[in-house]
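Based on the hints, put chains B, C and D in the right spot on chain A.
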Amino acid sequence: MWNYLHKMASPPHFYRLAKILIPWLVLPGALLIAYGAYAGLFVAPPDYQQGDAFRIIYVHVPSAYLSMMAYMIMAISAGIGLIWRIKLAHAVAAGAAPVGASFTILALITGAVWGRPMWGTWWEWGDPRLTSELILLFLYFGYMALRNAIDDTAKADKASAVLAMVGAINVPIIHFSVQWWSSLHQGPTLIRQGGPAIDNEMLYPLLAMIVGFTLVFAALLLRRVRAEVLYRERRTNWVRELILSPRGDG
Amino acid sequence: MITNERELPGLMAGFVATVKRDLLLAWKRPGDVLNPVVFFAVVSTLFPLATGASPEQLEFSGPGVLWVAALLATLLSLNSLFLADYEDGSLDQFVVSLQPLPMLALAKALAHWLTSGLPLLLVSPLVAVSFRMPAEAIGVLIVTLLFGTISLGLVGSIGAALTIGLHRGTVLLSLLILPLAMPILILGARTVSLAATNETYSAGIYFLAAYAVAALALAPFAAAAALRISYE
Amino acid sequence: MTAKLSATGLTLFRGDRCLFEDVGFALDAGQLLLLEGPNGSGKTSLLKAIVGMLELEAGAVYWDGDPVLEQRQLFHGSLAWMAHRVGFKADLTLVENLRFEAVLRPQVAVDIDDILERVDVARLKRLPMRSLSAGQQRRVALARMLLADVPLWLMDEPYTNLDREGSILVAGVVNEHLAGGGLCVMAAHQDVDIDAPVQKVTLR
Amino acid sequence: MGGLAMDGYGAYVWSCFALTLAVFVFNEWRARVRHRSVYKQIEVRVKALEGRQ
Chain A
1 MWNYLHKMAS PPHFYRLAKI LIPWLVLPGA LLIAYGAYAG LFVAPPDYQQ
51 GDAFRIIYVH VPSAYLSMMA YMIMAISAGI GLIWRIKLAH AVAAGAAPVG
101 ASFTILALIT GAVWGRPMWG TWWEWGDPRL TSELILLFLY FGYMALRNAI
151 DDTAKADKAS AVLAMVGAIN VPIIHFSVQW WSSLHQGPTL IRQGGPAIDN
201 EMLYPLLAMI VGFTLVFAAL LLRRVRAEVL YRERRTNWVR ELILSPRGDG
Chain B
251 MITNERELPG LMAGFVATVK RDLLLAWKRP GDVLNPVVFF AVVSTLFPLA
301 TGASPEQLEF SGPGVLWVAA LLATLLSLNS LFLADYEDGS LDQFVVSLQP
351 LPMLALAKAL AHWLTSGLPL LLVSPLVAVS FRMPAEAIGV LIVTLLFGTI
401 SLGLVGSIGA ALTIGLHRGT VLLSLLILPL AMPILILGAR TVSLAATNET
451 YSAGIYFLAA YAVAALALAP FAAAAALRIS YE
Chain C
483 MTAKLSATGL TLFRGDRCLF EDVGFALDAG QLLLLEGPNG SGKTSLLKAI
533 VGMLELEAGA VYWDGDPVLE QRQLFHGSLA WMAHRVGFKA DLTLVENLRF
583 EAVLRPQVAV DIDDILERVD VARLKRLPMR SLSAGQQRRV ALARMLLADV
633 PLWLMDEPYT NLDREGSILV AGVVNEHLAG GGLCVMAAHQ DVDIDAPVQK
683 VTLR
Chain D
687 MGGLAMDGYG AYVWSCFALT LAVFVFNEWR ARVRHRSVYK QIEVRVKALE
737 GRQ
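Protein chains in written order, with the working numbering: chain A, 1 to 250; chain B, 251 to 482; chain C, 483 to 686; chain D, 687 to 739.
Pulled out of the complex, with its shape left as it was, chain A reads as follows (with noise of 0.2 Å):
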């Protein structure tokens, strides 16, 4: 077992089985994807309060819920990568803020439009969630400067884990006091509560497209750490081999 996981855990491993890998998530993923949102936009009945324009959860929900996914991805191997010192744990952090920060800024911005015919405004300070994802996006924005920051590759990667890992230990406080904070607003909020439960017909396509996204984020995911995975063993002999090799790999 741990045999394999330090075989998985080798860079040149990675980058092959990565390559293999990406096209067999991409392909159910956007399978999936295409299900929930034919169904999501097409078959699934109107709401019955907001009309069409929930069909917008289709996407925001999904993104919103890779948003933090990607944060924890980002932390944990961070944690993984300064504690046990494996490079490809670095890798994977250093991957995941910038998709994980175009999935926020969608989320953020999908929230906004759809709050637009729902409260007659595009921001709503009151909703917690939005407000608790813009937060996150800010962390998001500050591990990136600080990697930036770093022209040294293996110092970057220590020094952005250790904010990744505070940062990751602060997302609940931030989502805990934003709650708190708006709790006392009594600001409108997107889900309504204690509503009749949702329709099958509307969740099925929401399963997929959730499910969907997270195949092809992990694509996406993979293709970034490829890419990091290269750079940081530019040096290695397996990388000068594979350039040299008749068939290389573009």
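Since the hints were derived computationally from the structure, they do not count as laboratory data.
A hint or two may mislead.
Taking CB as the label site, the calculated pair distances span [to be verified]:
| no. | chain 1 | residue 1 | chain 2 | residue 2 | range |
| --- | --- | --- | --- | --- | --- |
| 1 | C | Gly654 | B | Leu372 | 50 to 56 Å |
| 2 | C | Asn521 | D | Gln727 | 55 to 61 Å |
| 3 | C | Thr484 | D | Arg722 | 21 to 27 Å |
| 4 | B | Ile392 | C | Val590 | 55 to 61 Å |
| 5 | B | Ala300 | C | Thr493 | 57 to 63 Å |
| 6 | C | Ala508 | A | Arg16 | 38 to 44 Å |
| 7 | D | Gln727 | C | Gly662 | 51 to 57 Å |
As the structure is a prediction and not an experimental result, all values here were calculated from the model.
We treat Cβ as the ideally placed atom computed from N, Cα and C, and that holds for glycine.
Same frame as chain A, now just chains B, C and D:
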């Protein structure tokens, strides 16, 4: 040669000596202590000037303004937490000594709080009065600022340790620390405004106290790890 | 018998550049290790790597036969370091600075004034560090070494900024330390004037 | 299908889905660009070293 019989400088001695040294340095450069306090007062003045000074408005915005100003003032002084020691090489001497680094981080954070957080606490009632804050709310303000500045200093010490030796460290430090500081700001400002409007506010104080205790226990180790990384 | 301070296979990269590769040495009590090489060849980095401030790509340093990274505290309590930056607080006086050092490493039971007299800075003891010249600050850094009760000295270009007398003083002090069973690792690009057995590591 | 207008919410819904697609494409594109530039960089160096021998 280190032998067991000989007396080595202890942990507590190192802690006390470091705090003492930093206080002595602050004593010799009182400007460094005064600057954040003046900054706090000036920033608090900006808000009434910018947004209007009707009594209701002052009462409404007072807690938030004071807390934002305190946050910025603390942040301003945090940049130099390890920087001076790094630049003159005295941090090198500490890193290569038998004193553990987390102890240094804690001592520096305490000295920093004594020279920047404490003066803020002392001045804040004066500014609060100008915002027509009721007496009880001022008491709550001081308590929340007490826990808040301790937490900010400790969380900030991690950021300060990560950014020593980097270009444009001040901007970067703000970028790293402000998102992390938001729960403290939210809890602090909201608790004070609850107190000002005669609502129950104790929950906020408990959370701030818990945050400060957790930061005291964890932040010195994170800052020490960050210092070691910054040295590579 | 294992050497007091030894190292094998030290390799260090800075970014893409390899500063040194497969450096090793074994140093015993009373010996000097001289690190030679032009500016930028990695002498200071090697010193920092020995004390554990830089993470090595490969290799390890041993103190009393055990890796220093496993006994960092003990190792750091057994050494004194004369770095390129003297590491004193400019606003504090000479004595205030040296007194703070006492918590950093074990101290010899000698009157501080005697040592200040020896390095010829006794008359400056009440002055803030900032009013001392670079050479005088170097002498105070030398006093720090003499005050420390440690076997291992690490010195980064100890002759910098010193006049003839100062250089003679450094050589005399190091000779005495080695004669007393101490060890010294020194980075220098000039003649060091040391009587004890000298090993050399030349960096390019 | 008459649902394209979605009772006047169509602009909001469709722009969100389009944006999502854009984010996917953007990430894929960035990863490819980065991979290619790293690869080229190493290729130049490795080939130069190889040529010297």
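Checked hints:
1. Gly654(C) <-> Leu372(B): 50 to 56 Å: 54 Å, holds
2. Asn521(C) <-> Gln727(D): 55 to 61 Å: 29 Å, violated
3. Thr484(C) <-> Arg722(D): 21 to 27 Å: 52 Å, violated
4. Ile392(B) <-> Val590(C): 55 to 61 Å: Because 48 Å falls outside the window, the suggested range is violated.
5. Ala300(B) <-> Thr493(C): 57 to 63 Å: 58 Å, holds
6. Ala508(C) <-> Arg16(A): 38 to 44 Å: Distance hint for Ala508(C), Arg16(A) holds at roughly 42 Å.
7. Gln727(D) <-> Gly662(C): 51 to 57 Å: 54 Å, holds
Hint compliance for this structure: hints 2, 3 and 4 are not met, and every other hint is.
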